[in-house]
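This is what each chain is made of:
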Amino acid sequence: MNKLWVIAFKEIRTRFTDRNLLLIMIAAPLAISTIIGLAFGGLGRTTSPIRDIPVAVINNDQPSANGTSFGIMLADLLTVGQLPAGTSSTLSACTQHPSQSSGGTVEGSLTLSNLINGISFDETVAQGLVANQTIAAPAGSPDSPEYLEAAARAAIDKGAYTAVVIIPADFSAALTSLADPRQSLTSTSIEVYGNAGQGLSAGIVRSVVDSITAQMISGNIAIGATMKEVATQQPALLASASSSDISKLFVCAFSPGNDLIQLADVPVQAAPTSVAGAILVTFGSSQALFFALFTGQNGILSMYEERKNWTLQRILISPTPRWAILGGKLVGVLVSVIFQLLALVFALTIVGSLIEGHLAFIWGTDVVRLGLVLLAVAVAVSGLGILLAGVLKGIEQANIVGSVLNIALGVLGGAFGFQLPRSVAQVSLIYWARDAFDTLAAGRGDVSLNILVLFAEGIVMFVIGLFLFSRRFNA
Amino acid sequence: MDIMIETKDLTKTYRSNGSLVEAVKGIDLTVGKGEIFSLLGPNGAGKTTTISMISGLMEPTRGDAFIGGYSITHQPLQAKRLLGVVPQEIALYPTLNARQNLEFFGRMYGLSGKDLTHRVDAMLDFVELSDRQFDRIETYSGGMKRRINIAAGLLHDPQVIYMDEPTVGIDPQSRRRILDTVKQLREQRGMTVLYTTHLMEEAQELSDRVGIIDHGEIIALGTPGDLIQQVGEQDRLIFKVGHAVVGNDMVEKIRASVEGVTQARFDPPGEEGENKTNISGLLIINAKRGRKALPFILHLVEEAGIEIESVEVHEPDLEAVFLHLTGRALRD
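Heads up: the protein sequence lines correspond to chains A and B, in order.
If you're matching positions, the first sequence starts at 1 in the numbering used here and goes up one per residue.
If you're matching positions, the second sequence starts at 1001 in the numbering used here and goes up one per residue.
Don't read these hints as lab results, they were simulated from the structure.
Among the hints, erroneous ones may be present.
Lysine-lysine pairs mimicking DSSO-like chemistry, simulated, CA-CA at most 30 Å apart [what the hints assert, rightly or not]:
#1 K308/A / K393/A
#2 K1025/B / K308/A
#3 K1033/B / K1253/B
#4 K1008/B / K1183/B
#5 K393/A / K1253/B
#6 K1292/B / K1253/B
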C-alpha cells in the first residue's frame, strides 16, 4: 500500500512541476474565464453592461376566487420591480427582519431582477409596434390573447425584446390550490420565449422568472402545509377564515424581509447575485470542467508516455505489484483533478472579488456540497480517462479521440457559451457539473441528483475502463 | 562459480497476422557471479525479448529465467530485488530533480528513511553529480542524464545489473567514464553485469563472455578471444570505391581466385550498414592473411577499371565474428 501512495505522490509532483501542464490545467481556464468575467462583469464597476434587458410581459392571469392575482404580482415585479401598490400596505402586517429592507421594492446590491426592463405588453403597445412598422400586424382580433402573443413573438424576432413572459390565465388559481387544502391541485406553466441570438440575456430572464415563481410556489406550499395542519387540528377555525385572511397570508409569504420566505430582496436566494459572479461561475466552472477532462485523460494516458520513456518499465522491473502501480496512478490523477478544480475555484473567487470590489463568494457558501461536487467531478473525469485508456490503442489515437470527445462534451454541456436543449445537454457530464455549480452559486442546495449522476457515471466508466486497461496493461 | 542468471528453455511465441512467430527459441544460458556478459544481436534478433523475460517485463511462453536462484515467473518479487536495470532510454522524470528521481526509484525497491538518504547520497557521489542533485533532470546534459540513469539502476545495490546500451548518444569523455563505472561495479562490488551494445569495441573491452543471438537463438557463446578463433582469425579488408559499382561477377572472382579470401561482398553507396558515410561504395573482404591477399585483390580491381579511393585493413575482432556468423553488421 505504501508504494501506491509513493506513486500517487510522484504523479502529483510531476504534474505540478510541469509548467506546460500547469498552463493547460490552471492558467488557460483561469485566463479564459477572467477575460469573459471582465468583459461581461466590468472590472471595478458595481453595475453591469448587461442590464435593462427588454422583456415583454403579457399577463393573462385571472384573479383567484378570493380576489388574489399572483399574475399582477409577478408582472409588477418584472415591470416596475416591486409588488403592486395594493399589496404594499399589507406588508406592514408582516414581521420584518431587521437586516432587510422594508417595503416591496427591490433594492440593495445588483440583483438579477435589476437587469430586467419589463414592459407590460398590452394591446396599445402591440398596435404601436404595428403602427411604426416594427412588426407586421398579426392575424386575429387585437384584443385577443393570441394576437398579443403573436405580436410579442414577432417583436422578439425583430429584436425589440430579448424575451417575452406569458403569464397564463390560471396562474393564480394554480398557486392558490397549493396553499388552500380545500381546493384540488392544478398545474400551469409560464411561457418564456427567448431570442436565440441573445442566449445569455434570455437565460437571465428565465432565471429571474424561475426564481420568482419558485419563491411563490414554495411560499404557497409552506402556507398550504400550515393550512392543512390547521384544517386537521382546527377545522372550525379554517372554515371561519375569510378569503381576505388567507390572501393576507399569501402576501406575507412573498414580502421581502419575512422570516418565512424572502422574495424581493433575494430573488436568487443567498446568492452572489452579481452578473460578474454568475458569469464567472458559469463560464469558470465550464472551462474548469472542460480542462479537467484533459487533465484526467492525460493523467491516465501518461501511462503510455511512461511506457515510451521507459519509466513505467523501470517501475515494473522493481518489486512493485501491478495493482499498486495502477492504483497510485489513479489516486494521483484523482487528486490532481481536485487540486486543479480547487485552484480554479479559489482563483476565480479572487477574480470575482476584484471585479466586485469586495469579497464575493461566487460559488455559494455551501462548502460541503461544493466539496462533494468537486469529488464527484474528479471521479467522473478520472473514470472517463481510464475508459479511454482501456478502449483506445496507443497514445496517438487516445490524444485525437480524447480531444474530440472532450470538445463534444464541452459543446453538449455548454462550455462554449451557448446552451443546447437540456435533454441533449444532459448527455455531457459537464452539464451535470456546471448545473451543480450554478445551483450552489444561486444558493439552491439541491445538487443531490447531479452528484449522484456524476459519481455513477464515473464509477461505471471506471470499472469498465479498469477491466479493459488492466487486460492490456498485463498483456 | 556461483550462477547469478540462468535461463532454461526460455521461449517466447506470439501471434502476428494470424500466424505464430517464435521470437525466442528455447534459450539456455548461464551467467556467473561477477561476470560481465554481453548479449549481442542485430535488431529483431530476439535480444530485447530475451532481456524482457529475464527482467520480468514479459512472461515466457515456455521455460523460465532465474536471478540468484529465484524464478522470475514464480518468485518475481525476490528475483527483482536482486536485479537493477539501466535502460537505453533516459528513464527519469524530467521535471523532477536528480535527488527526487533517485528517491522515488529507491522507494520502489523498498528503501526508506536514513537508508534511502544514505543510498541516494552514495549514488550521487558515485556518478559525481552531488553538486547538481537539486537541478531538474531536463537541465542536464546527455552524459549527466546517463549517469543519473545508471545511478537509479544501482540504487538498491543489486547483485545483477542489466545495462542496455548505456553509452548511446554521449560524448567520448562521458562514454569512457561509464565504461570505467561498469568495470568498477564488477571489480569493487562483485556485481554481475548483463550488457548489450551495438559497439563491438565496447563489448570486446568489457566482456568476460559474449553471446551472439540471431533469429531467436544463441548462435555463438564464449570469450571474445574464443569467438575470434571460431571465425579463423580472418582479416577484414575494406576498399572504398566511390560511386563505382562492383558487380557480382567481380565479387565472385575475387572470392574464388584470391588465396585466403573466404567472404566478399559489395555495399553500394547510399545503403545503410557498414558504409556509414553512404557516399562511397564499399568492397568488403574477409581473408586469412589479409595483408598477403591485398596486392592480388588490388590488381583484380584495377584491372576491372575500378578506381580505389582508400583501403583499410582490420585485424580480426568481434565485428568480424558477428559479420561472419550472421552475415549482417550489428547495426543492420
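Cross-check of the supplied hints:
no.	hint	result
1	K308/A / K393/A	holds, 14 Å
2	K1025/B / K308/A	holds, 27 Å
3	K1033/B / K1253/B	violated, 49 Å
4	K1008/B / K1183/B	holds, 28 Å
5	K393/A / K1253/B	violated, 53 Å
6	K1292/B / K1253/B	holds, 17 Å
Violation of the numbered hints given earlier is confined to hints 3, 5; the remaining hints are satisfied by the structure.
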